[in-house]
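Number of protein chains: 2
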Amino acid sequence: MENKIRIAVDAVGGDHAPAEVVKGAVEAVKRYPDIQVILVGPGELIEEELKKYEYPEEQMVLQPASEIISTEEAPVAAIRDKQDSSIVVASKMVKEKKADAFVSAGSTGAVLTAGTLIVGRVKGVERPPLATPIPTEKGMSLLLDCGANVDAKPSQLVQFAQMGSLYMENVMGVKNPGVAILNIGVEEEKGNALTKATYPLLKECRNIRFVGNIEAREIPAGGADIVLCEAFAGNIVLKLYEGVSRTLLSVVKKGLLTSLRSKLGALMIKPALKETLKSFDSSEYGGAPLLGLNGLVVKTHGSAKAKEITNTILQSRTFVLKGTNEKIKECFAGIERVRSTK
Amino acid sequence: MENKIRIAVDAVGGDHAPAEVVKGAVEAVKRYPDIQVILVGPGELIEEELKKYEYPEEQMVLQPASEIISTEEAPVAAIRDKQDSSIVVASKMVKEKKADAFVSAGSTGAVLTAGTLIVGRVKGVERPPLATPIPTEKGMSLLLDCGANVDAKPSQLVQFAQMGSLYMENVMGVKNPGVAILNIGVEEEKGNALTKATYPLLKECRNIRFVGNIEAREIPAGGADIVLCEAFAGNIVLKLYEGVSRTLLSVVKKGLLTSLRSKLGALMIKPALKETLKSFDSSEYGGAPLLGLNGLVVKTHGSAKAKEITNTILQSRTFVLKGTNEKIKECFAGIERVRSTK
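So the sequence lines, in the order shown, correspond to chains G and L. When you line the first sequence up against this note's numbering, it's residues 1 to 342, in that order. When you line the second sequence up against this note's numbering, it's residues 1 to 342, in that order.
Only chain G is shown next, with the shape it has when bound in the complex (with noise of 0.2 Å):
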């Protein structure tokens, strides 16, 4: 049991809290014996919810926190008042090496800003990236940064391409990923101060694929492994893409009622549209992990199912047991010893 990977998970995070984290978690550990889920949240609410299930003992831990924080709370206010929250129990766990990793489908902000502030920095991270998988028409691309902190520098943008190839090769198994900035346009000269101060810093970075520029149009088909920007450009793709596939099947859901005709029709492609939609849900591949920090914390959908629950906690397995972090570590101690000697 002591060489087991300790992840804990905000069991009153999310829209459906308790019920599907729970579940979620339930499955995880039954899937893998090598992990351990730290359920964190008040204590009678969680084991209410366990008594549901059978699952083995020892790869299910309680962790007692009796304050909730929600998603309209201001973040910083509330992770310095609610101390006994299950974000910053669960957090100061992962800084003080009790757990490996923290996964929570809770409010984003106070998720980002106890993992800032509690679980803190690598030495060398300017601004810890939060990376997103969206889903393509080839599988899945990383998004970062779609974090809190807007207007990166071009420094800090080279940084997140660096922690962003580590996590794609180590955690998704994509093989020396490409990396692309996002862009109005594909050629060097194109874009804003951002974008061109960045371009010629990643022509030079040794340590990742850099594929040049990708114009927004190409995401969807899976133009880049790796998408970068600034939190202010990510967000928009992260939620243009949310808003458009949703108002797009909306419509096609509206069409398909319009006659008795298609009514029977829209019966006949149920299953396998189904079927087919699924390789376009960002569910199927876990949470977006906050990049560089002193151990992994990992946000997933408000929205998240029991699925989505099991997806992150066996993507944060899979972060701990191929050394992700230490690689990040490494990364930046050898940026800091290179500049040290300058």
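The set of hints was computed from the structure by calculation and includes no laboratory data. Just so you know, not all the hints are guaranteed correct.
Derived contacts from chain G toward chain L, CB cut-off under 10 Å, selection only [stated by the list, open to error]: (1) T136; (2) E137; (3) G185; (4) K270; (5) Y285.
Straight-line alpha carbon distances no greater than 27 Å define the calculated DSSO-like cross-link-like pairs of lysine-lysine that follow [said to hold, decoys possible]: (6) K92(L) x K274(G); (7) K190(L) x K196(G); (8) K270(G) x K270(L); (9) K278(L) x K270(G); (10) K123(G) x K203(G); (11) K4(L) x K263(G); (12) K322(L) x K263(G); (13) K30(G) x K307(G); (14) K190(L) x K82(G); (15) K23(G) x K98(G); (16) K254(G) x K23(L); (17) K153(L) x K190(G); (18) K305(G) x K327(G); (19) K239(L) x K278(G); (20) K254(L) x K307(G); (21) K92(L) x K23(L); (22) K263(G) x K253(L); (23) K23(L) x K305(L); (24) K138(L) x K270(G); (25) K263(L) x K274(G); (26) K203(L) x K239(G); (27) K138(L) x K4(L); (28) K278(G) x K322(L); (29) K4(L) x K274(L); (30) K322(L) x K239(L); (31) K253(G) x K322(L); (32) K175(G) x K327(G); (33) K239(G) x K278(L); (34) K138(G) x K254(L); (35) K278(G) x K278(L); (36) K138(G) x K270(L); (37) K239(L) x K196(G); (38) K138(L) x K239(G); (39) K278(G) x K254(L); (40) K138(G) x K329(G).
For every residue, glycine included, the Cβ atom is placed at its ideal position computed from N, Cα and C.
Based on the hints, put chain L in the right spot on chain G.
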């Protein structure tokens, strides 16, 4: 004939020129006796196409221009070197008041450059924004700026909001349109340096209806009549809109071909689906005007077919009939006066 609205149309711009352009122009003059279309391009080529149709001849004029600017050419050099190109000739006609508007499906860069350099800006306008109509669940919204100049200043965004409002009210018939800043959260304090500086300016702006911030997720649902941003973000929204729609429909189509049952179902839903998706088709709403010029320049999609050309010509007619440019001039003349009395 003297009082006809004269619309110069680039006969050789776009993927389907000249055939679809001429077809669209013929349809437009047939529909409205008060317009005159000036087809600009190589004479023989245009005459060849015109032969196919019957139309009121006094409403169709040919303006020879021997050169063609391709989408691959660097815009500024092309405009300078190809003085007898359709884009340069038509832009000069607008400048010299020989045409009231210029419509082109050709190179976006060349059209924007010619508009700014040849036609010229209205006094007081800092930067002419490209305002693109985008389809939403409710109809359409106007996204601006989608032009070539990124990193706009707050004062420029305020001007975009004013011109966009006049366009929506006069040309698209939306009474008292709402303007929202594209942002990563709805709260006033959210965003990057640009949005934070723009928000208070818009709150104070008396000639628009400012409705606050909009997240990208809400754009496809029709969350705001006018979505305000600088061109880097605008470009991302526009191209991602296109990319997600294309990929999602391709994924759906693939799904429909997976079984005999789904293939049969697909045949049954086709007519209804086609009809519904039409409402989500941007070509219904015509082209994107470059606002704030001494005359009207409108860019349509490179892939525009006859229907979109017709719609764009009719949209230009409305623009002129409603005196939209006079209203833009008044708006900024007023601002100039206010400034000079301070």
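Results for each hint:
1. Taken as an interface hint, T136(G) checks out: its beta carbon lies about 7 Å from the nearest beta carbon of chain L, inside 10 Å.
2. The restraint placing E137(G) at the interface with chain L holds, with a minimum CB-CB distance near 5 Å, inside the 10 Å limit.
3. For G185(G), the suggested interface contact is upheld, since its CB lies about 9 Å from the closest CB of chain L, less than 10 Å.
4. Checking K270(G) against chain L: minimum C-beta separation of about 8 Å stays under 10 Å; hint holds.
5. Nearest Cβ of chain L to the Cβ of Y285(G): about 16 Å, over the 10 Å cut. The hint is violated.
6. Pair hint K92(L) plus K274(G) does not hold up; C-alpha atoms about 55 Å apart against a cutoff of 27 Å.
7. With a CA separation close to 25 Å, the supplied pair K190(L) and K196(G) stays within the 27 Å bound.
8. A hinted pair counts as satisfied when its Cα atoms are at most 27 Å apart, and K270(G) with K270(L) qualifies at roughly 14 Å.
9. For the hint pairing K278(L) with K270(G), the CA-to-CA distance comes to about 22 Å; that is within 27 Å, so the pair holds.
10. The hinted pair formed by K123(G) and K203(G) meets the criterion: a straight-line CA distance of about 24 Å does not exceed 27 Å.
11. Restraint check for K4(L) and K263(G): not satisfied, since their Cα atoms lie roughly 49 Å apart, outside the 27 Å limit.
12. At roughly 44 Å between alpha-carbon atoms, K322(L) and K263(G) are farther apart than 27 Å, so this suggested pair is violated.
13. A distance of roughly 13 Å separates the Cα atoms of K30(G) and K307(G); the hinted pair therefore holds under the 27 Å criterion.
14. Only pairs whose Cα atoms come within 27 Å are accepted, and K190(L) paired with K82(G) is accepted, the gap being roughly 23 Å.
15. Simply put, K23(G) and K98(G) have alpha-carbon atoms about 23 Å apart, close enough for the 27 Å limit, and the pair holds.
16. For the hint linking K254(G) to K23(L), the alpha-carbon distance of about 33 Å lies beyond 27 Å, and the restraint is violated.
17. At roughly 19 Å between alpha-carbon atoms, K153(L) and K190(G) fall within 27 Å of each other, so this suggested pair holds.
18. Between the alpha carbons of K305(G) and K327(G) the distance comes to roughly 31 Å, so the proposed pair goes past 27 Å and is violated.
19. Distance check on the hinted pair: K239(L) and K278(G) sit about 24 Å apart at the alpha-carbon level, within 27 Å; holds.
20. At most 27 Å may separate the alpha-carbon atoms for a hinted pair to count; K254(L) and K307(G) meet this at roughly 25 Å.
21. Taken as a hint, the K92(L) and K23(L) pair is honoured in the structure, with Cα atoms around 24 Å apart against an allowance of 27 Å.
22. Taken as a hint, the K263(G) and K253(L) pair is honoured in the structure, with Cα atoms around 17 Å apart against an allowance of 27 Å.
23. Taken as a hint, the K23(L) and K305(L) pair is honoured in the structure, with Cα atoms around 9 Å apart against an allowance of 27 Å.
24. This hinted pair checks out: K138(L) and K270(G) have alpha carbons roughly 26 Å apart, not beyond 27 Å.
25. A C-alpha spacing of about 14 Å is found between K263(L) and K274(G), which places the hinted pair at or below 27 Å, so the restraint holds.
26. Taking the CA atoms of K203(L) and K239(G), the gap is near 25 Å; set against the 27 Å cutoff, the hint holds.
27. Proximity of K138(L) to K4(L) is assessed by CA-CA distance (about 34 Å); at most 27 Å being required, the pair is judged violated.
28. Taking the CA atoms of K278(G) and K322(L), the gap is about 49 Å. The hint is violated against a cut of 27 Å.
29. Taken as a hint, the K4(L) and K274(L) pair is broken in the structure, with Cα atoms around 37 Å apart against an allowance of 27 Å.
30. Restraint check: the Cα-Cα separation between K322(L) and K239(L) comes to about 31 Å, which exceeds 27 Å; the hinted pair is violated.
31. The hinted pair formed by K253(G) and K322(L) fails the criterion: a straight-line CA distance of about 38 Å is larger than 27 Å.
32. For the proposed pair K175(G) and K327(G), the alpha carbon gap of about 15 Å is at most 27 Å, so the pair holds.
33. In summary, the hint linking K239(G) to K278(L) is supported, as the alpha carbons are separated by about 24 Å, within the 27 Å threshold.
34. Note on K138(G) and K254(L): the hinted pairing holds, with a Cα-Cα distance of about 13 Å set against a maximum of 27 Å.
35. For the suggested pair K278(G) and K278(L), the alpha carbons sit about 25 Å apart, so the restraint of at most 27 Å is met.
36. Only pairs whose Cα atoms come within 27 Å are accepted, and K138(G) paired with K270(L) is accepted, the gap being roughly 26 Å.
37. Restraint check for K239(L) and K196(G): satisfied, since their Cα atoms lie roughly 20 Å apart, inside the 27 Å limit.
38. Distance restraint check for K138(L) and K239(G): the Cα-Cα separation of roughly 19 Å lies within the 27 Å cut-off, and the hinted pair is therefore satisfied.
39. Taking the CA atoms of K278(G) and K254(L), the gap is about 13 Å. The hint holds against a cut of 27 Å.
40. Straight-line distance between C-alpha atoms of K138(G) and K329(G) comes to about 31 Å, which puts the hinted pair past the 27 Å bound.
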